[in-house]
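There are 2 protein chains.
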Amino acid sequence: MSRLDQQLAFLTEADRLKSVLRATTLCDGSRMENSAEHSWHIALYALVLAEHSETDLDTGRILKMLLLHDLVEIDAGDAPVFGDHDAEALAARESAAADRIFGLLPEDQARAFRALWDEFEANETPEAQFAKSIDRMQPPMQNLASGGGSWIDYNVTLDMFETRIGPKINNGAPRIWAWLQPRVAAFFAARD
Amino acid sequence: MSRLDQQLAFLTEADRLKSVLRATTLCDGSRMENSAEHSWHIALYALVLAEHSETDLDTGRILKMLLLHDLVEIDAGDAPVFGDHDAEALAARESAAADRIFGLLPEDQARAFRALWDEFEANETPEAQFAKSIDRMQPPMQNLASGGGSWIDYNVTLDMFETRIGPKINNGAPRIWAWLQPRVAAFFAARD
Numbered sequence: 088m089s090r091l092d093q094q095l096a097f098l099t100e101a102d103r104l105k106s107v108l109r110a111t112t113l114c115d116g117s118r119m120e121n122s123a124e125h126s127w128h129i130a131l132y133a134l135v136l137a138e139h140s141e142t143d144l145d146t147g148r149i150l151k152m153l154l155l156h157d158l159v160e161i162d163a164g165d166a167p168v169f170g171d172h173d174a175e176a177l178a179a180r181e182s183a184a185a186d187r188i189f190g191l192l193p194e195d196q197a198r199a200f201r202a203l204w205d206e207f208e209a210n211e212t213p214e215a216q217f218a219k220s221i222d223r224m225q226p227p228m229q230n231l232a233s234g235g236g237s238w239i240d241y242n243v244t245l246d247m248f249e250t251r252i253g254p255k256i257n258n259g260a261p262r263i264w265a266w267l268q269p270r271v272a273a274f275f276a277a278r279d
Numbered sequence: 088m089s090r091l092d093q094q095l096a097f098l099t100e101a102d103r104l105k106s107v108l109r110a111t112t113l114c115d116g117s118r119m120e121n122s123a124e125h126s127w128h129i130a131l132y133a134l135v136l137a138e139h140s141e142t143d144l145d146t147g148r149i150l151k152m153l154l155l156h157d158l159v160e161i162d163a164g165d166a167p168v169f170g171d172h173d174a175e176a177l178a179a180r181e182s183a184a185a186d187r188i189f190g191l192l193p194e195d196q197a198r199a200f201r202a203l204w205d206e207f208e209a210n211e212t213p214e215a216q217f218a219k220s221i222d223r224m225q226p227p228m229q230n231l232a233s234g235g236g237s238w239i240d241y242n243v244t245l246d247m248f249e250t251r252i253g254p255k256i257n258n259g260a261p262r263i264w265a266w267l268q269p270r271v272a273a274f275f276a277a278r279d
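Residue numbers (this note's numbering), protein chains in the order written: chain A, 88 to 279; chain B, 88 to 279.
Simulated from the structure, these hints should not be mistaken for lab results. Where is the CB? At the ideal position from N, CA and C, for every residue including glycine. Treat the hints with caution; some may be incorrect.
The calculated label-pair distances, taken between Cβ atoms and stated as ranges, are [what the hints assert, rightly or not]: (1) A:Gly234 <-> B:Gly164: 19 to 29 Å; (2) A:Ala273 <-> B:Thr244: 51 to 61 Å; (3) B:Asp143 <-> A:Glu211: 24 to 34 Å; (4) A:Gly170 <-> B:Ala183: 56 to 66 Å; (5) B:Leu108 <-> A:Gly234: 21 to 31 Å; (6) B:Arg278 <-> A:Pro167: 22 to 32 Å; (7) B:Leu108 <-> A:Asp205: 29 to 39 Å.
Every beta carbon over 12 Å from chain A, so not counted as near; a handful from chain B, in silico [stated by the list, open to error]: (8) Ala101; (9) Ala133; (10) Ala176; (11) Leu245.
Work the whole structure out from these sequences, hints included.
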């Protein structure tokens, strides 16, 4: 197989991410969101919001990470953030998925993509921290727009949201968390 | 409105691109593709295939162009490449859409995004030419995978494909066109 043969096999396999459904809906609530369009949306979020980071970021690397980060879900599925799952088993499934899916690419490119995915998962560099925070920030925006979405489906309270999600957004994007938190609090207050 | 208010209003409006349907299906033929997941897919195409360009490219700028390029379809709709449409009227609708949609952003960012969209549409810089070619290359890949897709729906012949689409792929990505052309020719030959 030529490099192009391998690369197009990878890109055709990637198409399957469009059929992986998430726990959130579109903003209008009309249907569940899939992981491919979610990946596009958060790349756009990062492009628009990178200026609010605490440090100068390599936006190109963030975009690459966000475009790639969910491909493992083709094999491992989406794990809803408020769902119950065995974190260790999930990490093993996702790592095996990364081996298989990035392994479709020519070896040098497979290594480079795997390194970007590992960087995202490790959540240590400023780019990964910002990317992770953006990935956590878009679903509450969808829920605010659709009138609750996955918060209602998973019986989420403000306390659960602030405990489980807040620190993850605040970690890489504190200014964005400061904008979001009162809006989410107002949503839950209006429901009480 | 603060910058974040404006930016999140833009990002929420962008969600509507997930409901704009294209003329191509997913690779498995299960449903029509939408413009948001298409935008993700071609950004991934560009990331994987940029090495086959004739010149050194600014991949970050290509990714930005591809993430933005279809947002005008929220107002103007998708114009299938083999469909009939008034090119001048479509260009006017898309330009008005770009004014409205990018105009949701803070002014400096609206200008920067509009400049990227104008660069893509003008198809003159190496980055825009490569991005345009990639945007034209993904639908035939979907059609090859799904068994014909929009080629069948629009009664497309190999001659029509080579006349209308070939030059657009060859313009920015001749090595990729050289890979694709015989595969598309073989598909049409097998149907005769």
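query: Holds or violated: 56 to 66 Å for the Cβ distance of A:Gly170 and B:Ala183?
result: Distance hint for A:Gly170, B:Ala183 is violated at roughly 43 Å.
message: If we take the beta carbon of B:Ala176, is the closest beta carbon in chain A still more than 12 Å away?
response: About 27 Å separates B:Ala176 from the closest Cβ of chain A, which puts it past 12 Å; holds.
message: Assuming the hint says 19 to 29 Å, is it satisfied by the Cβ distance from A:Gly234 to B:Gly164 or not?
response: holds (27 Å)
task: Evaluate the condition: distance from the CB of B:Ala133 to the nearest CB of chain A exceeds 12 Å.
output: violated (9 Å)
task: With 22 to 32 Å as the target window, see if B:Arg278 and A:Pro167 comply at their CB atoms.
output: Violated - the Cβ-Cβ distance for B:Arg278 and A:Pro167, about 43 Å, lies outside 22 to 32 Å.
query: Regarding B:Leu108 and A:Gly234, is the given constraint of 21 to 31 Å on their beta-carbon distance met?
result: With a Cβ separation near 24 Å, B:Leu108 and A:Gly234 satisfy 21 to 31 Å, so the hint holds.
Non-interface claim for B:Ala101, where every Cβ of chain A lies beyond 12 Å: violated (6 Å)
task: Go ahead and decide if the range 51 to 61 Å is satisfied by the Cβ distance of A:Ala273 to B:Thr244.
output: holds (58 Å)
- request: For the range 24 to 34 Å, tell me whether the beta carbons of B:Asp143 and A:Glu211 fit it or not.
  value: Taking Cβ atoms as reference, B:Asp143 and A:Glu211 lie about 30 Å apart, which means the hint holds.
message: For B:Leu245, is the shortest CB-to-CB distance to chain A above 12 Å, so the non-interface label stands?
response: holds (20 Å)
field: Consistency of beta-carbon spacing, A:Asp205 to B:Leu108, with hint 29 to 39 Å
entry: holds (36 Å)
Violated hints for the displayed structure, listed by number in ascending order: 4, 6, 8 and 9.
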